[in-house]
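**Student:** Residues per chain are reported as follows:
There are 2 protein chains.
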Amino acid sequence: MSKHIDIISIGDELLIGQVINSNATWMGQKLSSLGMKINRMEAVADTRDAITNALENAARNARVVLVTGGLGPTKDDLTKEVVCDFFDSNLVLDENVRRHVEIFFEKRGFDLTKLNFWQAMVPDNCQVIPNAVGTAPGMHFEKDNVHYLFMPGVPMEMKHIMESWALPFFKELCQPEAFVQKTVLTHGMGESFLADKIEGWESELPEKFSLAYLPSPGRVRLRISARGDDEQDLQRELDNQIEKLHAEIGLLIYGYDDDTLEELVGKLLLKNNLSLSTAESCTGGMIAQKITSIAGSSQYFKGSVVAYSNEIKEQILSVRFEDLEKYGAVSEVVVLQMAENMRNMYSTDYALAVSGIAGPGGGTPEKPVGTVWISIAGPQGSKAQKFLFGGERVRNIDWAYQTALNMLRLELL
Amino acid sequence: MSKHIDIISIGDELLIGQVINSNATWMGQKLSSLGMKINRMEAVADTRDAITNALENAARNARVVLVTGGLGPTKDDLTKEVVCDFFDSNLVLDENVRRHVEIFFEKRGFDLTKLNFWQAMVPDNCQVIPNAVGTAPGMHFEKDNVHYLFMPGVPMEMKHIMESWALPFFKELCQPEAFVQKTVLTHGMGESFLADKIEGWESELPEKFSLAYLPSPGRVRLRISARGDDEQDLQRELDNQIEKLHAEIGLLIYGYDDDTLEELVGKLLLKNNLSLSTAESCTGGMIAQKITSIAGSSQYFKGSVVAYSNEIKEQILSVRFEDLEKYGAVSEVVVLQMAENMRNMYSTDYALAVSGIAGPGGGTPEKPVGTVWISIAGPQGSKAQKFLFGGERVRNIDWAYQTALNMLRLELL
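Protein chains in written order, with the numbering used here: chain U, 1 to 413; chain D, 1 to 413.
Honestly, I wouldn't trust all of these hints.
Unchecked claim - With a straight-line Cα cutoff of 30 Å, these simulated DSBU-like cross-link-like pairs (lysine-lysine) come out: (1) U:Lys367 x D:Lys267; (2) D:Lys80 x D:Lys197; (3) D:Lys197 x U:Lys107; (4) U:Lys159 x U:Lys197; (5) U:Lys208 x D:Lys80; (6) D:Lys80 x U:Lys197; (7) U:Lys3 x D:Lys80; (8) U:Lys114 x D:Lys267; (9) D:Lys386 x U:Lys80; (10) D:Lys107 x U:Lys114.
What the hints assert, rightly or not - If you only want the chain U side, here are some residues facing chain D, beta carbon under 8 Å, derived: (11) Ile20; (12) Arg40; (13) Gly109; (14) Met156; (15) Phe301; (16) Ile312; (17) Asn344; (18) Tyr346.
It is worth saying that the hints were derived from the structure and are not from the lab.
All values reported here derive from a predicted model rather than from experimental measurement.
From the three backbone atoms N, C-alpha and C, an ideal C-beta is built for every residue, glycine too.
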């Protein structure tokens with residue numbers, strides 16, 4: 001019996017390329033991190049034939065079939081009808097789901113519509129899987145020894161059902177080979193240079209290990225995984241390999257797995273009871289936005305001044321007019337004043353300042369697009385560093401935010 | 001005979017979620033914009049069985065099968081072997097490809113390896129499609145009236161082969177029906193309520209039209225498309241339908257297709273020579289960041305104050321201490337002062353202010369998580385409005401930013 005998993009995503013929007021299939025990618029990550037093997041991912045149209053076909057194909061080879069999309073309350077969602085034909089079911093009103101939908105809407109002060117009641121109609125031969133974050137429940141069937149789980153296509157709802165029910169259930173069911181993995185997050189060296197630097201380490205990795213490079217602006221993630229018989233042994237070997245890697249490139253490593261720089265910086269500030277503010281020009285508030293995306297950030301983050309014009313740099317951040325004239329806004333002198341004055345104005349222990357040319361306009365031969373100055377002011381004084389990033393606007397802004405937070409992280413260590 | 005297209009992407013990296021399948025999305029966009037129908041997209045593993053299975057499935061229903069991946073020179077790329085079995089071919093050296101590969105490497109100053117010669121070995125019964133931007137050529141087969149095209153998985157190479165050969169060839173072959181489409185972007189009403197509101201319009205849509213709902217926080221996109229004989233007629237009918245829809249829900253529509261609120265607001269400000277600043281609490285700088293993601297935004301955006309603590313609201317934004325004490329930071333009184341004082345401080349025509357409880361902490365029975373006040377101060381005075389959004393932090397922040405920009409857009413019209 002195959003232990004493989006098929007993932008089916010329903011929706012015309014995927015086929016016409018309007019929406020990228022990030023649901024399947026997320027499921028692939030989660031399932032494979034538990035050692036489960038995905039056989040295929042398929043995206044199909046919102047039509048009876050296409051959905052039925054996909055289910056029939058899956059039934060031939062898979063042990064588990066995960067389906068998303070087509071469970072909403074509107075007309076174009078006909079998955080539920082097709083499901084009833086495929087599993088020979090009748091739709092019945094599920095009182096628990098009805099009550100959940102009612103409360104869900106009541107809480108938000110909305111009136112129930114006829115369409116919302118449709119969510120509470122479920123096939124009579126499925127196991128209903130609760131959806132705490134939305135109105136359409138998951139539906140679990142077993143037929144001829146194949147398990148099927150239907151979930152809404154809304155990413156938050158799919159993820160909720162996967163994490164609260166499906167991942168543990170199917171792990172137990174499939175009993176996959178032991179599998180361990182860890183992603184090492186590095187900042188400050190490009191992919192090919194990093195590959196050169198760790199060539200020796202990589203060539204000595206045992207057969208059962210695999211390594212993948214995942215580059216993005218300013219960062220390279222290294223995913224190291226291994227399969228084998230015993231999870232504890234594998235974990236020990238993995239830890240051992242990562243220790244060796246750390247000995248080679250420790251300074252470049254800022255975290256592991258899902259760590260983010262904003263989270264790591266937040267933890268360091270919190271632990272040392274320190275506060276932070278930011279003065280942003282070319283990053284336009286992105287550093288503040290990333291820091292405040294972390295729950296509880298109000299305990300260490302006081303706020304930001306986004307100074308997108310020289311006028312505001314002068315009037316609000318008290319940067320000296322003569323220096324703006326003489327050195328320009330993208331200069332060591334100005335970015336240092338931005339950080340120092342920000343620190344005083346918001347009375348924080350640290351202030352981070354960024355001034356640069358994100359592009360596409362504004363570049364000169366001396367200061368081309370991608371030139372960015374970053375400064376930190378703190379209890380021990382202030383410092384500034386110049387960078388020359390890629391070229392494209394959004395990429396430059398992203399790169400500057402990552403680099404600024406990593407500078408602060410290193411400063412706080 | 002079906003005119004449908006199947007897209008098959010080969011690669012383990014897709015199945016484990018390491019790489020998102022952007023190739024398939026791009027092909028979907030291009031093909032459907034020419035009126036061609038995609039039947040399904042499938043991602044499969046780099047194994048003999050998986051690839052053969054996918055080809056057999058496709059052969060049953062499709063007229064055209066587009067395959068990417070697995071044509072590189074390294075060990076794990078076995079597509080070419082599988083292809084030879086499937087089409088009963090022998091590999092032969094193609095002199096044109098060999099010369100191309102040689103020149104390709106010479107130009108880049110690389111030495112040819114044995115592996116590179118493998119690129120020049122092609123099945124003897126295929127049409128070789130030149131790849132000017134890489135070394136692995138495309139391979140076109142016809143078998144039992146189904147066309148197959150194999151392309152490299154490198155996005156640039158796939159796009160080159162699609163644009164230079166495949167799109168014109170398959171358009172000629174499939175003679176697709178004329179096709180038009182437009183996506184209507186709405187803000188301010190949930191999916192099921194919107195569906196209720198436009199039920200009459202939807203039910204009178206002619207048969208040839210199709211409608212899809214694409215919801216996300218604060219927004220619902222409505223994709224309307226039509227197929228028929230004559231493109232000009234269809235376009236006229238589509239425009240006509242959209243006019244009718246506009247008459248029903250004009251106030252909810254903020255744009256079309258790829259429009260973003262930050263872009264639309266930027267255009268309105270620029271056109272009227274107006275300037276903007278933002279005072280942000282719970283959005284933490286996101287509004288500023290979105291506005292400054294648009295190139296040229298420095299012409300109308302002066303900056304932002306992110307005031308993440310009451311202290312900063314009082315000291316920097318000059319919100320009255322008594323009001324913060326009496327009404328709390330998330331209140332009409334406070335958000336109005338934030339906007340008005342911001343407008344004065346940065347000397348802008350408009351100022352947008354947001355104060356809310358993003359969660360997960362900080363909620364109370366009177367002001368639950370998701371409560372957000374948004375205010376606009378402008379030349380005609382100021383106004384504020386209260387909202388109660390979903391529940392989850394990142395979603396609430398996203399929702400607040402969309403809503404604030406849409407309020408400003410409506411104000412500027």
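**Student:** Which hint numbers doesn't this structure obey?
**Tutor:** 2, 4, 6, 8, 9, 10, 17
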